[in-house]
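Visitor: With the hints in hand, could you dock these two chains into one complex?
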Amino acid sequence: MDEAITKKTLENGLTVFLKEIHTAPLISSWMWYRVGSRDEVPGKTGASHWVEHMQFKGTPQFPANVLDKAISREGGIWNAFTSFDWTTYYETMPADKIDLALRLEADRMVNSIFDSEEVASERTVVISEREGSENRPMFRLGEAVQAAAFRVHSYHHKVLGDMADLRNMTRGDLYNHYQTYYTPNNAVMALAGDFDTAQMLGRIEELFGGIKRGDDPVRLQRSEPEANGGIRLSVEGEGDTTYVQVAYRFPSAAHPDFFPLNVLDSLLAGASNMNMFGGGGISNKTTRLYRALIEKEWCVSMGAGAQATIDPFLYQITLIPRDEHDADAVLAALDVEIERVQNELVSAAEVERAVKQARALFAYGSESITNQAFWLGYSEMLADYDWFLTYLDKLAAVTPADVQRVAQQYLRPNQRVVGVYLPVNGEAKDD
Amino acid sequence: MTKQNSALPGSDDITRVELKNGITILCRENFSSPSVVLSGYLSGGSLFDPREKLGLADFTANLLMRGTQKRDFQGVFDALESVGASFGFSGQTHSVGFGGRSLVEDLPLLLDVLSDSLRQPIFPDEYIERMRAQYMTGFALRAQDTRDMAEMVFDGMLYAGHPYSLSSDGHPETIAAITRDDLVAFHREKYGPRGMVVTVVGAVDASSAVAQIEQALGDWQNPAQAKNIVVADMLPLNERQQRHHEIAGKSQSDLMLGFLGPKRRDDDYFAASLGNSILGRFGLMGRIGDVVREKAGLAYYARSILSAGMGPGAWYVSAGVNPANLEKAIELILQELDNFAQNGVTEEELADNKANYIGRLPLSLESNQGVASSLLNMERHQLGWDYLRNYADTVNAVTRDDVLTVAQKYIQPERVTIATAGP
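These protein sequence lines map, in sequence, to chains P and S.
Take 13 as the starting number for the first sequence in the numbering used here and just add one per residue.
Take -8 as the starting number for the second sequence in the numbering used here and just add one per residue.
The following block holds chain S by itself, in its conformation from the complex (with noise of 0.2 Å):
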């Protein structure tokens, strides 16, 4: 029989290192299976891309792996593929992503590699051009998303004037517009280790991990790195705004339907995500699933959806329906919302919900990966060490009031922000 790992993660077996230059390292123990996480992030997000250059953070993000110093391309992903490895980097909005895992005797790749391409890219031109060929199918294929588009639009609407409107995957025009000099400038400006959480979950001693780390990161400098980008807040929208974005021969047209909402750290947070998860996550989508399909059986999907970050959050309701029924989908949902944020939720509702999220919390946490993404939020959003610990408390003492006041502040149809796509 193992241990049983049933503790959650606390202040005092989570491995916290800062080093010299600036390096946040988080480390917990696994030892159920033989397998190890290593993500985190670091500088060099979208907040970055100059406006006719759209897309350059995502496109050096996805270039480090395209060859470096030490291996080529081939080099790089024969050396992880031939273990069973993954790894790789993704653009963010506020920084780079990056994530993979092995089996736990391959850590040390995972950890060279990781290094050798936020150190020594060469960005080749054969592989700047590769990719841009495949940026221009992935529009192509975007234009054709009815929820791709819908999406687009929202945010477009939603975040106006702000750098959150924008796409970070840019546009054809923006990323035909970038040159191999944009990429290394990029990366020389923006990477560096100021700021760079690494994490790394998994059957490995937290010593051992962290002197892995160090050793592979531990001299990395970069005075010329600049400095992070703090996004503004907004204010709320005056009226009620919608728009359609054509796309002919669909069969479903896809609606997003919502309001600006709190950021991760708002002290309203807790509140406003029980509240979201009564309206359209809870059981079969919430109150929204309950209406829009389970009664007018007028979609597969209908749910709703708080996205809360760094910056001025989302909440909204998204759903796929048939493009003759559009309308009264809209109108279903407007009515939902107009109830929720007169009414609020009832005391049966809310503590159906708070027992939800207790409840799910250990299952949330059973794979490496799941940890690992837990430990980067209390990091990112600095939530405290004891967060998953405190983490019932903190759910119990939202009120049925305080759910109702973050619905008030927040949800207001008279100022919705509408976006569809389809035929």
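The shape of chain P in the complex, shown without the other chains (with noise of 0.2 Å):
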């Protein structure tokens, strides 16, 4: 892989990371700020989400109308994404159209105009968007075992944020929190396509050079403290489907443990695809759980996964059973074989094997310039662009044994959080 990269730290403290791609006519921008989720406290929650809508909601220059209609206007794509631990914007656009998407950037990083009724209109958009997801019950499970499974750290609440935070906040509040964060200090930005990298620099600088540092973010420290024992918890609502969700603590992106873990979840559920762009992953139905659930007929369903994070979240396992089985019969059917994991090696060609599959991920995803982007920025918010270059060997030197230990240390009842949904209409099957 030609991974040839220019990094670059303005003076006001914005990191600039470049890439060249001259396979298509294309350029994609992205923009990272430090903030998400992560960074609310009760009573702001959501607040990282909503900002992220407001950015859309114009500045002096681009007021809102005239925003999404020039990106949209010279054949861009733009969008928005808020997670716990990072927001981020992007455009891809025709490469000689691109200045537009560098100017606009540069403008709402410090100009957008929070007006009130903007806020108001918003509040709704938002509420909407939180009630989308309360139709649909894994959310309401998942949202319940991820308070759960953090009392202290604010991984505790959804990045949409709590019902009550969304009725509450107020304009100040918002604004606050893109003043705090919005800082070129805080932000890094990335190009990947078919650009110059001098010029573009060069035209990075005239733009953004100008802004004014702001003051480092305060950030909470609250980690959370070891479990001092597994949790159990139903949530209930209508429907005939139980979904149970099994969740241990999974550590952060930079953990060297990260990646034996990587192999582990590939091996018991299917190669995570990390791709944000680049089309599907791979199927998972030589999995060991594929195999011992569905094919053992326990389960209908079964899927599993971890967050690249900057503190320890979680590795979540959701199941559906089948109509004759209940919570805890296909609990136990999990538990042998996280049991396996746990007693037994698993062979050297399982490993390889989730080497390859990763391997093929990463090559699919270079078919596109905006997920090449993403990667350079993606990996500077959880670690460093290194993590991600180095991300298949790290992976390649993983061994059984350290599998096995991995799956020792973090896959351990009395770390769990369970969590079962239980539908009112149907027969509840956790009795």
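By construction, these hints were calculated from the structure, which means they are not laboratory data.
All C-beta atoms, glycine included, are put in the ideal place defined by N, C-alpha and C.
Check the hints yourself; a few may be wrong.
[Said to hold, decoys possible] With a cut-off of at most 20 Å between alpha-carbon atoms, the simulated SDA-like pairs for lysine to any residue come out as follows: (1) S:345 x P:78; (2) P:109 x S:349; (3) P:308 x S:122.
[Unchecked claim] Sample of chain P residues lacking proximity to chain S, with all beta carbon distances greater than 10 Å (derived): (4) 73; (5) 95; (6) 137; (7) 187; (8) 224; (9) 230; (10) 403; (11) 409; (12) 417; (13) 422.
Guide: Take a look at the structure:
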């Protein structure tokens, strides 16, 4: 892989990553801010996501309507995402039109208006977004499991925020959040595509160099203490379907154990595809959990995965039991497989297979320039770009003994939260 | 520096070969990444479903890879997953689709799985029953999904009396009625090489890809293969119709509201497509998004969709709104539709949307999958092999009058179909 990149930090602290790719006349530009739901205290949950929405509501130079039309007119696509740890905005444009995106991002780093009426109408939009999520049983179960897993750390709440806060937050709360975190020294810009690096860097300095450095944001320091035992909870709701979610503590992306756990995940439940663009992943029908739970007819559906995060988050396994089985029965079947990876070494061939799968996913992801620019910034949010570059090497270095060790260390019953969604229409299957 | 692959695919660099048994092969080379996409379609869609066994086509497609004469289910997926490849079939209305991708050295494996699954699936009883259980869970989930149910009710009303009104997934009683004999017979009578299209896009020479496909599928014959079904056109509805499907305990209702629309091959397709973009796509969901989301704050999403395929299309608005705001949202959307049909679009809106269509074309062709689906589209709808190169001219030829004419033809608020699902 040709991985020549340029990294430069401007005087105001804005870090810029550039990667020339000349396979198509496109450029993808991403602006990443180190702010997400992890930075929110009770009363202000959902602020990062709502601020992300407000960033599309205009500046004096680019009023709301002008903004989206301008990007679309030039044949660009753009969007934004808010996560636990970061908020990001991207535009992918025909190469000769990218200047619009650069000017837009420079402008809305400081000049967003947060008009009171716009805040009011967006309040109902984010409430509606949350209501749409609440329609799904898995959202409600996942929210309860997450809250139970984190009593202290701000990973306690969903990115969308709690309904009470969405109803009560003020324009001032949102604007303050924006001013605190949207500074060049709290941002990383990443571009990939059909440009000349020196020229692009010059233009970025011109547009962003004059933006004043802000105070470094004060971060919440609330590490989650070790769990003192397993937690079991249930959520009740409409429907006929039972869901079971099992959540284990999982280390941060930067932790060395992230990689053996990644291999473990691949062989338990299937390779996780971390590409944000570049199509679907690889099926999981030969994984240990599929064979043990679906093929043995305990469950109709099984999925699992972890997110790469700054602080330790969760490894979540989600199961839908077959009608004739209750939650305890499928949990017992799951535990047999968990204990098997703890007690017996996996084969070297299984580890190699996981590495090959990851290699293929990276190759698929490299078809998309947008996805390549995504990785530049994303890896920097979690660790650094080296984390991405050495990802496959670190996976390749994992041994069967590593896999066994992390299975023993992280997949412990007294460290997990088990959540069961009990449908009230049908027969509860948890008794 | 890699070779710039920015030229749009066209008649001089798309390879198209017809095999004697009726299979059409389409290839385009792209050496910018070491991967390859294999996709296509063939006969065997849900139009063949008997009324009492709706879902039969989908069920059949879902079982093709659950065991063949050559490999059992685990064997099929072990071969694929071991090399990081993916492959699958999906039942559609007019056809069965297939698609997958792999690193380029594993293209022979993808082709082998394709050929093996199509020609010698064995439909093991245990997988039939396991799949049936999955369908039943799927139906329980669907019954609780406001968007799925709004869509089902909408299709049922809009396409009343037409095969498009039927669910291609089926229903609990129709899936329960399907036997192994039905599946075997469906496969035997409906699947075959005639009308099949196979496309390969990626880091492989076109001539080599063609040879590999011919080797895998060139000797496939099925004299019993049934003729394809052509669906009838539909007359516009006579009056407004509205139905609500109640699902208790939901925070949000889903709404679908709209009309019949053009077919993909109709002459007024592009005018309708640009009109729809202005109505509910461009920028942040067009005029509909502006009125319902941006100004009134009534919904997280509210957009319009033009669904145009082989048969009569649908042109509709889809939105998720708080149950208390449902009537208000419907009223706002109908006003906007009325305005659109009365007054059409402005010159500026049309120019913006044309620029958007032309500008985003390279982005849609960035990945192998994007190119493959574009080739399949050109073949299926006979758009011509220079379709992409003529695209800008085709788009630019659309006038405001064309948009107004097509809007008035299809969008008649007094004959709207409205489906809602929620509490």
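Visitor: All the hints need checking, so say for each whether the structure fits it.
Guide: Each hint, compared with the structure:
1. S:345 x P:78: holds, 17 Å
2. P:109 x S:349: holds, 13 Å
3. P:308 x S:122: holds, 13 Å
4. 73: Non-interface label stands for residue 73 of chain P: nearest chain S Cβ at 17 Å, farther than 10 Å.
5. 95: holds, 18 Å
6. 137: Not fine: 5 Å to the nearest Cβ puts residue 137 of chain P too close to chain S.
7. 187: holds, 18 Å
8. 224: Given that every Cβ of chain S is farther than 10 Å from that of residue 224 of chain P, nearest at about 30 Å, it holds.
9. 230: holds, 32 Å
10. 403: holds, 15 Å
11. 409: Answer for residue 409 of chain P: holds, closest chain S Cβ roughly 19 Å.
12. 417: holds, 25 Å
13. 422: holds, 24 Å
Of the hints listed earlier, the one the structure fails to meet is number 6.
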